[in-house]
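**Student:** Read off the chains here:
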Amino acid sequence: MKIITKELKFATQGHTDILNVTDDVRQELKTAGLKQGVIFLFVVGSTAGITTTEFEPGLESDLKRFFEKIIPSRVSYAHDETWGDANGFSHLRASLLKPSLTVPFVKGDLVLGTWQQIVLIDFDNRPRDRRLVVQLQGE
Amino acid sequence: MKIITKELKFATQGHTDILNVTDDVRQELKTAGLKQGVIFLFVVGSTAGITTTEFEPGLESDLKRFFEKIIPSRVSYAHDETWGDANGFSHLRASLLKPSLTVPFVKGDLVLGTWQQIVLIDFDNRPRDRRLVVQLQGE
Amino acid sequence: MKIITKELKFATQGHTDILNVTDDVRQELKTAGLKQGVIFLFVVGSTAGITTTEFEPGLESDLKRFFEKIIPSRVSYAHDETWGDANGFSHLRASLLKPSLTVPFVKGDLVLGTWQQIVLIDFDNRPRDRRLVVQLQGE
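Protein chains in written order, with my numbering: chain A, -8 to 130; chain B, -8 to 130; chain C, -8 to 130.
Everything labelled a hint here was simulated from the structure, so no lab data went into it. From a predicted model like this one, the values you see are computed outputs, not experimental measurements. Everything hinted at is true.
Which copy? The list can't say, so a pair holds if one copy fits it or any two copies do.
Calculated lysine to aspartate or glutamate pairs in the DMTMM-like style (CA-CA distance at most 25 Å, straight line):
no. : residue 1 : residue 2
1   : 0         : 15
2   : 98        : 120
3   : 26        : 14
4   : -3        : 100
5   : -3        : 120
Just chain A, with the same shape it has in the complex (with noise of 0.2 Å):
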């Protein structure tokens, strides 16, 4: 049983950009080559946030315009009188989404669907460089 951690950098344009993740993910996998166990993906800050999509054009907007819909960027937040900042929307989507996502790995591959993607959303409204905490835990 063994545990790695590592550390991805991605440069984000913020206003729910959406990041496909999924290969350099893998490749951690690869590199670490363990056959069984679980990668833990954690993104540090709180206005970003993962999941899985099937990562294509449509869904990318529809997502967009699904986080304007419920959580709207262009009224005030009680965050943004505290701060000045005007991200209060984007810390609002962070929390609903949240930061982790566990994927089980077998037989050196991940678990995930034929079209699905692990995918880190930046809800941030400007550009950012974020950090994806990656630990492995297998054999």
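Put chains B and C on the given structure of chain A with help from the hints.
**Tutor:** Showing chains B and C alone in chain A's frame:
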């Protein structure tokens, strides 16, 4: 410290079909004979999710109504234009709920509340054969 | 590789009470003395959830307003007709946010961002004594 990976299969009706999988998961723990550790659940595919709820008919209907309210099935999504499979709403709901859930166990039993069940929700717009990966790590 | 399971208790006010549990979780890690691994958090019960946020009064009120908007407390749910306990909205909010969060640690500290705290949110319609299971796996 042992790692055991199993796969459970469920035939669903789609259309936000809510399946109580608690007994199946508990059975895997019993079969494994582990006393302390964690179970990783991951539903394969990008149109299903997993969470917990008090599983009773009232909440089943409340959950269906809630997802229909925030992500309606009868409007058009960009994803539908890409593929013509008309399940854009299924993808959005699944990305929101996410495919993974992690439940610790102690003294050989899951730490769920008395009225807390694990449910797999299939958001697709047709019946599906779903695979739920169940990985146990513990001692 | 060690597994340690602890249980933290919190008296909450219900009504989307948001508790910053970061220091309590960090203390468990310090006591365990582990350097690299992962902490599994699981709040027991079907009317509470767990996520991360920048914990400050503005976002606290924004989060409460957000949950009230998408899952209002003052409308009737089918669950309420089943049990008469009038907390259908609490269940829906909890199923949406989910009871589990997984946070890796390296060099003996959680990989949280500077302004990112772990919060337990109690959605029930009355004060509750909540149990938060904290399981550490690592070395």
